[in-house]
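**Q** One-letter residues, chain by chain:
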Amino acid sequence: MKRSRTPASRPASPNGNPVKAKARKKAGNNHAAPAIRFYGVPLPGVRPEELSGSLIVVEGTDGSGRSTQISLLTEWLEGEGFAVETMGLRRSFLVGEDIDALLAENAVTRTTLALMYGTDFFDQLERRILPALRSGLIVLADRYIFTLIARAAVRGIGRDYLHGVYEIALRPDLTFWLNVKPEVAFDREFKKLQTISYWESGRDMSLSNDLFKSFIRYQSMIKREFEYLSKRHEFIELDGEVSVAQVNGLLRKRIASHLGIRATHYKPSHALAHLWR
Amino acid sequence: MATITPEISIAERPVAERTAAGKRPYPGALVVVEGIDGSGKSTQLYLLKRWLEIGGYRIHFTEWNSSPLVKSATRRGKQRRLLTPTTFSMLHAADFADRCERQILPLLHGGYLVLADRYVYTAFARDAARGCSPHWLRNLYSFAPVPDITFYFRAPLDVAVNRIVAGRPKLKYYEAGMDLGFSLDRAESFRIFQEKILNNYDQMVETDRFILMDGTVRVNKLQRLMRQLLGDKIDLAHFAPKKK
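Sequence order for the protein chains is X and Z.
Residue numbering for the first sequence follows the numbering used here, beginning at 121 and increasing consecutively.
Residue numbering for the second sequence follows the numbering used here, beginning at 2 and increasing consecutively.
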């Protein structure tokens with residue numbers, strides 16, 4: 121599979137990004153667009169130079185604390201005066217509900233499901249995220265193409281095929297991976313829902329009739345996929361097993377540095393105080 | 002990393018590799034008709050299907066865009082005009098994947114002669130005319146089995162366009178390519194859109210080994226030729242009713 125993504129054509133690593141550092145100096149507090157915003161050929165009709173906002177992705181399995189962190193980051197950023205838009209899986213107007221119906225029905229095959237998730241992703245990207253980025257907003261993505269690639273890949277769909285489907289997607293400015301052990305994710309999910317979801321335990325894959333074993337085996341496969349993706353896409357990996365406040369502190373530090381603002385103190389408001397454990 | 006994939010995906014093998022090998026991993030055969038609207042392809046495939054049905058052959062007929070799976074999404078998208086070239090293409094790919102995984106592939110493995118009115122080449126020609134990257138489209142559909150025969154029905158643009166416009170009181174929004182801003186006049190937009198699609202089809206004649214069929218030839222004469230070509234390329238006895 122030929123892809124235009126070569127090391128030479130990419131901006132430097134998110135760790136010490138000279139491209140962004142320079143851009144930041146020039147633009148002051150305006151977070152300037154990095155050199156390359158798409159993996160391959162951009163989506164039809166998109167001019168990368170008009171995208172002045174930032175796309176920040178938080179990836180991680182259910183139970184990694186992803187959604188909690190997104191809520192906290194949204195409040196922090198809004199407090200700092202940044203407008204925030206969010207995206208996630210199955211939230212598109214076009215097919216969000218159709219995917220829910222497919223999952224409930226459980227008659228759908230793997231390629232179809234992967235492409236329906238892809239449709240959902242691109243509908244949100246084109247109709248919500250790109251307009252937000254054109255207006256200079258900060259987009260916080262509660263999962264992105266990486267979860268979609270990992271889920272399809274563990275079901276036997278080729279990685280190169282999947283990367284090809286998403287090569288027209290927008291490359292995030294920062295991608296965080298909240299990494300937790302499957303056992304920890306299990307404890308947290310069970311505590312929250314008193315059960316384990318059919319799809320999160322990969323029960324369509326006939327891994328084990330025991331729900332716990334199935335969950336652990338499936339999540340381990342997903343985790344290994346993420347380890348591969350983490351290298352390929354330069355994730356910023358964070359230990360999702362430490363406290364919410366600690367993870368949030370690390371996230372804020374990296375995001376603040378990307379935006380060119382000073383990492384400020386943050387305490388959640390009364391409404392979100394229950395998340396701060 | 003290979004150990005974590007439970008089975009090898011067809012998507013992992015490039016289309017070209019499978020074509021070059023010449024041998025298919027299934028006993029069935031896949032016959033496809035392609036061409037712009039009004040080229041006569043559906044009429045000809047219908048007649049071919051009737052001929053095979055009457056003869057009692059093991060066949061299955063499938064159409065582009067027929068799965069109930071994505072119907073509600075397509076309807077919603079079209080009614081509200083929400084579809085972009087990318088989501089339009091993705092929805093059709095999901096729809097095709099459903100048909101492919103639940104009908105076409107099982108039937109090919111079960112030894113059927115599968116007749117398809119339009120196939121992935123429709124997406125290659127039409128979605129590229131909508132502005133999608135041809136490279137991206139080829140990858141998107143790389144899980145599709147390669148047809149044994151692809152009949153490409155070609156009629157001059159004016160002939161094809163007049164056949165459609167004469168028979169339809171009003172061209173639909175997406176059908177006429179109104180989302181692409183070629184023209185405010187639907188008939189004119191349709192014509193420009195079809196011309197782009199026709200050019201894209203023409204480019205695939207060699208790369209994808211289309212059999213060129215002249216859509217202006219008399220219907221019964223063209224059908225005779227089609228049946229002859231089918232018999233030359235495919236061992237029809239393989240699909241014939243078993244004698245008891």
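These are calculated hints, taken from the structure and not from any lab test.
Here the structure is a predicted model, which is why all the values come from computation and not from measurement.
Some hints could be false.
[Unchecked claim] Derived list of chain X stretches under chain Z, where covered just means 3 residues or more per stretch with a C-beta under 8 Å from a C-beta of chain Z:
1) 208 to 222
2) 227 to 233
3) 284 to 293
4) 298 to 308
5) 357 to 365
[What the hints assert, rightly or not] Dumping the calculated DMTMM-like pairs for lysine to aspartate or glutamate here, alpha-carbon to alpha-carbon at most 20 Å:
6) Z:Lys72 - X:Glu198
7) X:Lys312 - X:Glu357
8) X:Lys373 - X:Glu225
9) Z:Lys72 - X:Asp220
10) Z:Lys72 - X:Asp307
11) Z:Lys79 - X:Glu225
[To be verified] Pair ranges (Cβ atoms, derived):
12) X:Ala365 - Z:Arg25: 57 to 65 Å
13) Z:His110 - X:Leu370: 36 to 44 Å
14) X:Arg167 - Z:Glu207: 43 to 51 Å
15) X:Ser326 - Z:Pro242: 54 to 62 Å
16) X:Arg352 - Z:Asp203: 36 to 44 Å
17) Z:His239 - X:Pro251: 33 to 41 Å
18) X:Ser326 - Z:Lys243: 14 to 22 Å
Every residue gets a Cβ at the ideal spot worked out from N, C-alpha and C, and that includes glycine.
**Q** Would you mind marking each hint as holding or not holding in the structure?
**A** Structure-based check of each hint:
1. 208 to 222: The restraint on the stretch 208 to 222 of chain X holds, since 5 of its residues have a Cβ under 8 Å from chain Z and three suffice.
2. 227 to 233: With 5 residues in contact (Cβ-Cβ under 8 Å with chain Z), the coverage given for the stretch 227 to 233 of chain X holds.
3. 284 to 293: holds (count 4)
4. 298 to 308: violated (count 0)
5. 357 to 365: That given contact is violated, which follows from only 0 residues of the stretch 357 to 365 of chain X lying within Cβ reach (below 8 Å) of chain Z.
6. Z:Lys72 - X:Glu198: The given pair, whose Cα atoms are some 39 Å apart, is violated under the 20 Å limit.
7. X:Lys312 - X:Glu357: 24 Å, violated
8. X:Lys373 - X:Glu225: 43 Å, violated
9. Z:Lys72 - X:Asp220: Holds - the C-alpha atoms of Asp220 (chain X) and Lys72 (chain Z) are around 15 Å apart, at most 20 Å.
10. Z:Lys72 - X:Asp307: Violated: Lys72 (chain Z) and Asp307 (chain X) sit about 39 Å apart, past 20 Å.
11. Z:Lys79 - X:Glu225: 25 Å, violated
12. X:Ala365 - Z:Arg25: 57 to 65 Å: 59 Å, holds
13. Z:His110 - X:Leu370: 36 to 44 Å: Since the Cβ atoms of His110 (chain Z) and Leu370 (chain X) sit about 51 Å apart, the hinted range of 36 to 44 Å is violated.
14. X:Arg167 - Z:Glu207: 43 to 51 Å: Once the Cβ atoms are compared, 34 Å apart, the range 43 to 51 Å for Glu207 (chain Z) and Arg167 (chain X) is violated.
15. X:Ser326 - Z:Pro242: 54 to 62 Å: Violated, at about 38 Å.
16. X:Arg352 - Z:Asp203: 36 to 44 Å: The hint (36 to 44 Å, Cβ to Cβ) holds, given that Arg352 (chain X) and Asp203 (chain Z) are roughly 38 Å apart.
17. Z:His239 - X:Pro251: 33 to 41 Å: 55 Å, violated
18. X:Ser326 - Z:Lys243: 14 to 22 Å: 35 Å, violated
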